[in-house]
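Okay, here's what each chain looks like letter by letter:
Protein chains: 2
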Amino acid sequence: MKASRFFVSTLKEAPTDAEVASHRLMMRAGMIKKLGAGVYTYMPMGLRVIRKVEAIVREEMDRAGAVELTMPVVQPAELWQESGRFDKMGPELLRIKDRHERDYVVQPTSEEVVTDIARQEIRSYKQLPRNFYQIQTKFRDERRPRFGLMRGREFTMKDAYSFDRDLTAAKASYQNMAQAYRRIFDRFGLTYRAVAADSGAIGGDMSEEFQVIAATGEDAIVYCPDSDYAANMEKAEAMAPAGPRPAASNALAKTPTPGKATCEDVAVLLGVPLATTVKSLVLATDTLDAKGNIVGAQVWLLLLRGDHDMNEIKVSKVPGLDAGFRFASIGEIDEHFGCKPGYLGPLNMKKPVKLVADREVAVMADWITGANEVDFHMTGVNWGRDLPEPDLVADLRNVVAGDPSPDGKGLLAIERGIEVGHVFVLGTKYSRDMNATFLDEGGKPQFLEMGCYGIGITRLPAAAIEQNHDERGIIWPDAIAPFTVVVCPIGMDRSVDVKAAAEALYEELRGAGVDVLLDDRGERPGAMFADWELIGVPHRIVVSDRGIKEGQYEYQHRRDTAATKVPAAKAAAHIRARLAA
Amino acid sequence: MKASRFFVSTLKEAPTDAEVASHRLMMRAGMIKKLGAGVYTYMPMGLRVIRKVEAIVREEMDRAGAVELTMPVVQPAELWQESGRFDKMGPELLRIKDRHERDYVVQPTSEEVVTDIARQEIRSYKQLPRNFYQIQTKFRDERRPRFGLMRGREFTMKDAYSFDRDLTAAKASYQNMAQAYRRIFDRFGLTYRAVAADSGAIGGDMSEEFQVIAATGEDAIVYCPDSDYAANMEKAEAMAPAGPRPAASNALAKTPTPGKATCEDVAVLLGVPLATTVKSLVLATDTLDAKGNIVGAQVWLLLLRGDHDMNEIKVSKVPGLDAGFRFASIGEIDEHFGCKPGYLGPLNMKKPVKLVADREVAVMADWITGANEVDFHMTGVNWGRDLPEPDLVADLRNVVAGDPSPDGKGLLAIERGIEVGHVFVLGTKYSRDMNATFLDEGGKPQFLEMGCYGIGITRLPAAAIEQNHDERGIIWPDAIAPFTVVVCPIGMDRSVDVKAAAEALYEELRGAGVDVLLDDRGERPGAMFADWELIGVPHRIVVSDRGIKEGQYEYQHRRDTAATKVPAAKAAAHIRARLAA
Chain A
46 MKASRFFVST LKEAPTDAEV ASHRLMMRAG MIKKLGAGVY TYMPMGLRVI RKVEAIVREE
106 MDRAGAVELT MPVVQPAELW QESGRFDKMG PELLRIKDRH ERDYVVQPTS EEVVTDIARQ
166 EIRSYKQLPR NFYQIQTKFR DERRPRFGLM RGREFTMKDA YSFDRDLTAA KASYQNMAQA
226 YRRIFDRFGL TYRAVAADSG AIGGDMSEEF QVIAATGEDA IVYCPDSDYA ANMEKAEAMA
286 PAGPRPAASN ALAKTPTPGK ATCEDVAVLL GVPLATTVKS LVLATDTLDA KGNIVGAQVW
346 LLLLRGDHDM NEIKVSKVPG LDAGFRFASI GEIDEHFGCK PGYLGPLNMK KPVKLVADRE
406 VAVMADWITG ANEVDFHMTG VNWGRDLPEP DLVADLRNVV AGDPSPDGKG LLAIERGIEV
466 GHVFVLGTKY SRDMNATFLD EGGKPQFLEM GCYGIGITRL PAAAIEQNHD ERGIIWPDAI
526 APFTVVVCPI GMDRSVDVKA AAEALYEELR GAGVDVLLDD RGERPGAMFA DWELIGVPHR
586 IVVSDRGIKE GQYEYQHRRD TAATKVPAAK AAAHIRARLA A
Chain B
46 MKASRFFVST LKEAPTDAEV ASHRLMMRAG MIKKLGAGVY TYMPMGLRVI RKVEAIVREE
106 MDRAGAVELT MPVVQPAELW QESGRFDKMG PELLRIKDRH ERDYVVQPTS EEVVTDIARQ
166 EIRSYKQLPR NFYQIQTKFR DERRPRFGLM RGREFTMKDA YSFDRDLTAA KASYQNMAQA
226 YRRIFDRFGL TYRAVAADSG AIGGDMSEEF QVIAATGEDA IVYCPDSDYA ANMEKAEAMA
286 PAGPRPAASN ALAKTPTPGK ATCEDVAVLL GVPLATTVKS LVLATDTLDA KGNIVGAQVW
346 LLLLRGDHDM NEIKVSKVPG LDAGFRFASI GEIDEHFGCK PGYLGPLNMK KPVKLVADRE
406 VAVMADWITG ANEVDFHMTG VNWGRDLPEP DLVADLRNVV AGDPSPDGKG LLAIERGIEV
466 GHVFVLGTKY SRDMNATFLD EGGKPQFLEM GCYGIGITRL PAAAIEQNHD ERGIIWPDAI
526 APFTVVVCPI GMDRSVDVKA AAEALYEELR GAGVDVLLDD RGERPGAMFA DWELIGVPHR
586 IVVSDRGIKE GQYEYQHRRD TAATKVPAAK AAAHIRARLA A
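Residue numbers (my numbering), protein chains in the order written: chain A, 46 to 626; chain B, 46 to 626.
Watch out, some of these pointers could steer you wrong.
Identical copies carry no separate label here, and so any pair may be met within one copy or between two of them.
Quick list of in silico lysine to aspartate or glutamate cross-link-like pairs, EDC-like style, CA-CA up to 16 Å [claimed, not checked]:
| no. | residue 1 | residue 2 |
| --- | --- | --- |
| 1 | LYS474 | GLU309 |
| 2 | LYS610 | ASP590 |
| 3 | LYS47 | GLU113 |
| 4 | LYS395 | ASP411 |
| 5 | LYS395 | GLU137 |
| 6 | LYS47 | ASP107 |
| 7 | LYS395 | GLU418 |
| 8 | LYS305 | ASP485 |
| 9 | LYS594 | ASP310 |
| 10 | LYS399 | ASP331 |
| 11 | LYS399 | GLU146 |
| 12 | LYS78 | GLU113 |
| 13 | LYS454 | ASP243 |
| 14 | LYS171 | GLU568 |
| 15 | LYS133 | GLU123 |
| 16 | LYS47 | ASP560 |
| 17 | LYS454 | ASP431 |
If you're looking for bench data, these hints aren't it; they were derived computationally from the structure.
Please construct the entire structure, taking both the sequences and the accompanying hints into account.
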């Protein structure tokens with residue numbers, strides 16, 4: 046491609062609403078243009094990146110035996126009502142009425158449509174397994190779209206859906222997809238982790254997220270540097286501490302803590318480690334009668350160490366809380382504890398509650414907790430001696446760096462990631478709701494076992510930039526750069542030699558199948574180099590009159606601090622060798 | 046591709062709502078699946094065709110210097126309000142409110158967004174000409190979607206937009222696009238015509254439609270078999286008849302025509318050719334005061350030959366009618382003619398009207414028209430003698446086969462076509478509405494001259510089928526067939542020889558870059574052949590045990606009535622020669 050036939054448009058300044066590097070740099074490099082909140086035009090330079098992402102994804106999906114189709118962007122509401130999602134999904138589902146006042150949605154995903162196709166097309170076990178995918182426009186009406194393509198409203202997603210005869214086969218399809226995803230992300234040339242994620246009702250290790258590692262990532266990723274263990278924060282298990290609970294050594298005492306309503310403040314006041322304090326979380330579950338009317342409530346007290354954070358996914362799996370819970374009201378708290386939040390604890394309660402201790406708290410001795418009296422805490426609290434053992438012990442908290450790895454092979458570390466892919470076993474949720482069955486060997490109808498697999502096609506370039514940029518601009522991995530190589534001639538408009546040499550090199554690279562751009566715009570060297578450093582083309586070769594005289598061109602990788610001279614006659618070969626590396 | 050890894054799904058019967066061949070055959074061949082009214086999933090077999098169409102379009106657009114980008118499907122209403130289309134467009138514009146109750150549309154085209162991009166990006170004449178295109182999902186909420194992909198609601202269109210410094214340059218951009226379109230439609234391997242279309246206010250020959258010729262086409266195409274002249278029915282000019290008006294030879298007479306309220310009935314009753322009758326069309330234009338209030342109306346009488354049809358586009362260009370017109374009310378007709386429709390004419394009127402004669406009527410002698418009295422017509426009517434010459438003579442009618450060609454090179458013929466492309470000079474309509482300017486050499490702001498250029502990507506396959514099918518199914522041109530070649534092994538599951546030979550041939554073709562499918566599903570020959578004839582793969586080669594023994598495979602083009610034996614060793618070469626042809 047010659048720049049004069051392409052569209053290069055860079056900006057000195059990013060718009061003020063661009064908070065993260067990828068948003069700023071994609072705007073400045075002329076890759077995207079904002080049309081409205083979370084809605085962007087993919088400009089020519091950005092579209093080239095997206096097309097390369099799509100091509101790699103398509104190639105590996107095809108290789109894995111998935112078959113491409115395209116489902117409509119605008120989908121009739123009927124199927125969404127069958128699955129229940131039309132009502133269950135919040136305002137992020139964009140709903141439309143057509144000219145006849147019939148309901149439609151703009152697809153955020155396509156489980157319903159693909160299940161509808163499957164129930165029509167798949168009749169026999171002989172047609173299984175089956176995997177359909179599409180690369181198609183999606184819309185999610187985010188409350189607060191931000192960060193450019195990272196959290197837009199309209200975006201492109203590759204979504205694949207597998208159909209299998211039973212859970213064993215579904216797991217094999219899942220593993221096949223997870224493997225394809227590894228190939229895809231390997232080819233992108235990004236540093237990423239596949240992390241175990243919560244798989245809801247299915248259980249087991251049947252959900253993984255693919256996270257591109259970047260300090261600005263929205264997600265916390267937990268991994269073990271000494272093993273393969275990796276999970277997201279929701280999923281990562283906090284193991285029970287090794288060894289028995291220490292014996293009590295302090296006496297129970299009611300200690301004045303005036304105005305100190307947080308564990309942090311109490312620890313500072315008393316001069317003790319935060320890890321010796323225990324915080325109280327008061328939840329409630331409603332009791333329903335046969336008609337679904339609320340007829341009562343059960344109050345729960347969850348105890349976590351003062352320096353730990355509650356993990357809502359884990360709490361939602363505690364027996365008794367797994368059908369749904371809420372935070373207790375001020376009235377319920379007063380009724381059971383006779384005290385306001387900030388000084389609550391499991392001793393001296395007015396009315397019994399269900400007591401759940403985090404695994405860590407369950408083996409603590411001599412701990413500190415609220416006294417159920419304003420401005421007082423209890424110190425030297427010990428299980429068994431001062432209060433009965435908890436009703437339940439469970440993993441209630443987020444892991445922290447240094448926790449033991451669940452696989453027993455080391456200690457956990459935490460880093461930030463950007464989710465760009467997700468593989469998931471769906472089970473029979475949709476096939477039951479929509480009655481999608483096949484006939485098994487015995488001629489009996491069975492529900493299809495499903496899996497779903499997404500890749501954020503338009504988020505991927507943003508994630509790649511978060512991971513690969515410097516103060517001058519983007520640094521694209523070769524595989525998804527808008528152009529792999531840029532030939533920069535100096536004074537092409539003045540020198541016929543430079544023009545001829547630059548065009549010859551361009552044609553040679555092009556002929557060898559290299560995605561090369563010749564910058565024939567006639568910009569001055571400084572502006573030209575700044576443009577391509579901002580845009581992030583990984584390989585640059587400079588052709589100048591002096592270089593021609595010396596028989597040397599200047600090659601520089603975007604990560605190099607200086608240029609290397611390469612013999613003019615071998616310049617193309619030099620670059621091809623760098624690309625193959 | 047091996048069929049076992051692809052998705053082949055054919056139907057014996059088409060759904061009853063499939064009225065045209067392309068709809069029926071695309072449904073039966075498993076290329077599309079209906080999701081709702083005018084909304085289809087592109088199934089794997091159909092998507093392959095669409096992708097080939099896209100690839101050819103993209104290649105030729107790039108070659109022509111257009112640059113690809115992708116504009117959002119869901120677009121904020123603000124820009125549509127700037128251009129006025131948000132209010133002007135009818136219910137075919139799909140409107141949405143987001144979670145914040147802000148207005149959006151699902152794009153039917155993207156003039157507003159691309160003009161918004163241009164006014165931000167194009168600052169100087171040095172940046173011109175410029176042409177942006179996209180291949181993207183569109184939505185038009187048709188009142189009555191039908192004919193499958195031919196008139197769907199959601200569809201894919203390639204839309205390009207050119208920006209130029211003046212009308213001369215815009216016309217050059219237009220010609221460049223028209224040329225690219227010819228290359229594109231040539232490559233598709235379809236019989237098509239580029240026909241002149243009405244270009245509205247711009248005038249000149251600045252609008253052409255690309256019509257795929259097919260008996261089932263919705264559009265009438267006018268062309269001259271002896272020259273290059275071609276236009277659509279709206280545009281094709283009916284020339285003034287050669288020679289002077291004949292002299293009057295019959296006396297004017299009031300003739301009883303009881304109950305004969307149409308020209309056809311009158312001609313039959315009187316035993317005269319329909320071409321001797323003249324029909325009356327009564328229109329009205331409203332007179333407005335300075336405030337836009339209707340203060341009066343002018344009634345118009347248009348005269349057309351009894352066998353001719355009015356052309357609304359032409360009528361809308363008659364001076365005095367070009368600001369808008371309507372059909373006259375019964376009250377207005379009674380006031381001016383003193384008679385009800387069916388017996389109206391230009392003689393014996395109660396009140397004068399503006400009289401416009403079609404060019405043909407203006408040179409008729411001894412014609413027949415209504416007497417402005419129920420159950421009577423006037424015969425032997427002659428201009429000058431019986432009534433004054435008309436106020437205006439104009440081309441008011443659709444041409445008919447046998448009319449002289451406007452280029453004077455022969456007689457016109459008419460055939461049916463399906464519009465698959467349109468090139469159009471827009472002028473400054475959008476740039477004025479949206480204030481999209483650039484600075485000319487003198488530093489003065491000028492409005493951008495625009496053109497727009499569409500290709501119906503998903504309509505194209507339907508048009509191709511309308512033109513290329515038989516009772517067994519589709520017959521794809523090579524360039525857009527889902528697969529170019531199908532290798533059909535007979536008894537692959539029983540014979541290792543057949544399996545080995547079929548796979549070797551498949552690999553040989555694949556290695557040579559041929560888009561070949563190996564049907565390894567194990568279907569019986571009859572069902573297998575029927576599938577591929579329905580799907581319409583143009584080249585088929587059959588490998589059987591007998592063929593292997595004889596050293597001969599059977600080749601058959603989809604249009605051939607019988608197979609040809611080709612030496613097994615040369616089978617791949619034989620096919621490649623056929624593809625190159």
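Going through the hints against the structure:
1. Proximity of LYS474 and GLU309 under a CA criterion of 16 Å is satisfied in neither setting, with 44 Å inside one chain copy and 66 Å between copies.
2. Taking the shortest Cα distances, LYS610 and ASP590 sit within 16 Å of each other inside one copy (14 Å), while across copies they are farther apart (63 Å).
3. Taking the shortest alpha-carbon separations for LYS47 and GLU113, only the inter-copy value of 14 Å comes in at or below 16 Å, while the best intra-copy value is 33 Å.
4. Taking identical chains as interchangeable, the C-alpha atoms of LYS395 and ASP411 are never at most 16 Å apart, the minima being 23 Å within one chain and 113 Å between chains.
5. Taking the shortest Cα distances, LYS395 and GLU137 never come within 16 Å of each other, neither inside one copy (43 Å) nor across copies (66 Å).
6. For the homomeric pair LYS47 and ASP107, the shortest alpha-carbon distance between copies (12 Å) is at most 16 Å, but the shortest distance inside one copy (32 Å) is not.
7. With identical chains, the CA atoms of LYS395 and GLU418 are at most 16 Å apart within one copy only, with a shortest distance of 11 Å there and 103 Å across copies.
8. With identical chains, the CA atoms of LYS305 and ASP485 are never at most 16 Å apart, being 65 Å at best within one copy and 71 Å at best between copies.
9. Taking the shortest alpha-carbon separations for LYS594 and ASP310, neither the intra-copy value of 73 Å nor the inter-copy value of 92 Å comes in at or below 16 Å.
10. In this homomeric assembly, LYS399 and ASP331 come within 16 Å of each other (Cα to Cα) only inside a single copy, at 13 Å, whereas the closest approach across copies is 82 Å.
11. In this assembly of identical chains, LYS399 and GLU146 lie within 16 Å of each other by CA distance neither inside one copy nor across copies; the values are 50 Å within and 44 Å between.
12. For a Cα distance limit of 16 Å, the shortest separation of LYS78 from GLU113 across copies, 14 Å, qualifies, whereas the shortest one inside one copy, 29 Å, does not.
13. In the homo-oligomer, the alpha carbons of LYS454 and ASP243 never lie at most 16 Å apart, since the shortest distance is 21 Å inside one protomer and 76 Å across protomers.
14. With identical chains, the CA atoms of LYS171 and GLU568 are at most 16 Å apart between copies only, with a shortest distance of 13 Å across copies and 62 Å within one.
15. Proximity of LYS133 and GLU123 under a CA criterion of 16 Å is satisfied intra-copy only: 14 Å inside one chain copy versus 31 Å between copies.
16. In the homo-oligomer, the alpha carbons of LYS47 and ASP560 lie at most 16 Å apart inside one protomer (11 Å), although the nearest pairing across protomers, at 31 Å, exceeds that limit.
17. Taking CA atoms no more than 16 Å apart as the test, LYS454 paired with ASP431 passes in neither setting, with 36 Å inside one copy and 111 Å between copies.
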